[in-house]
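Q: Sequence:
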Amino acid sequence: MKNIAKKIAVFSMVGMVQLGLGASIIEASPFYNDGPQRGVQLDNRGHNNDNDRQREHDRREREEKQRHEREMKRHHHESEREWHDRQNKEKQRHDNTMNEIAAGLIGILIGSQIN
0 MKNIAKKIAV
10 FSMVGMVQLG
20 LGASIIEASP
30 FYNDGPQRGV
40 QLDNRGHNND
50 NDRQREHDRR
60 EREEKQRHER
70 EMKRHHHESE
80 REWHDRQNKE
90 KQRHDNTMNE
100 IAAGLIGILI
110 GSQIN
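Position 76 of the sequence shown, counting from 1, maps to 75 under numbering that gives the first Met the number 0, and the rest follow consecutively.
These are calculated hints, taken from the structure and not from any lab test.
Check before you lean on any hint, since a few could be wrong.
Claimed, not checked - Here are the computed lysine to aspartate or glutamate pairs in the DMTMM-like style, where the Cα-Cα straight-line distance is at most 25 Å:
no.	residue 1	residue 2
1	Lys88	Glu62
2	Lys90	Glu68
3	Lys6	Glu99
4	Lys5	Glu63
5	Lys72	Glu62
6	Lys90	Asp57
7	Lys64	Glu77
8	Lys1	Asp94
9	Lys72	Asp51
10	Lys72	Asp57
11	Lys5	Glu60
12	Lys90	Glu77
13	Lys88	Glu68
14	Lys90	Glu63
15	Lys90	Glu79
16	Lys5	Asp94
17	Lys64	Glu89
18	Lys5	Asp84
19	Lys6	Glu89
Input sequences plus hints: build the corresponding full structure.
A: Now the structure itself:
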């Protein structure tokens with residue numbers, strides 16, 4: 000069941016990327032751009048905010064990697080089996096946390112493109 004959910008998620012993301020690329024290509028195409036020329040105004044609004052979010056993302060990622068390293072080491076009171084069980088759980092937790100952090104970065108990128 001997990002594999003099906005993962006495949007659906009991946010194919011949905013690929014479809015969204017293709018749809019986004021197609022929309023941007025159509026929008027940039029001179030064939031569909033019959034109206035008056037639209038100028039692009041570049042400014043620095045929100046630029047510092049993006050840097051703050053990027054720094055926050057980097058900090059969270061660094062802290063998670065340090066925490067993961069500490070948790071992967073064997074505790075002195077653990078048996079071999081307990082250690083491996085805890086490692087497996089920690090790997091799953093780490094992967095989930097890193098995915099959440101990456102999703103935050105994607106949100107930052109999308110947010111900076113909208114401004």
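Q: Tell me, in ascending order, the numbers of any earlier hints that this structure violates.
A: 9
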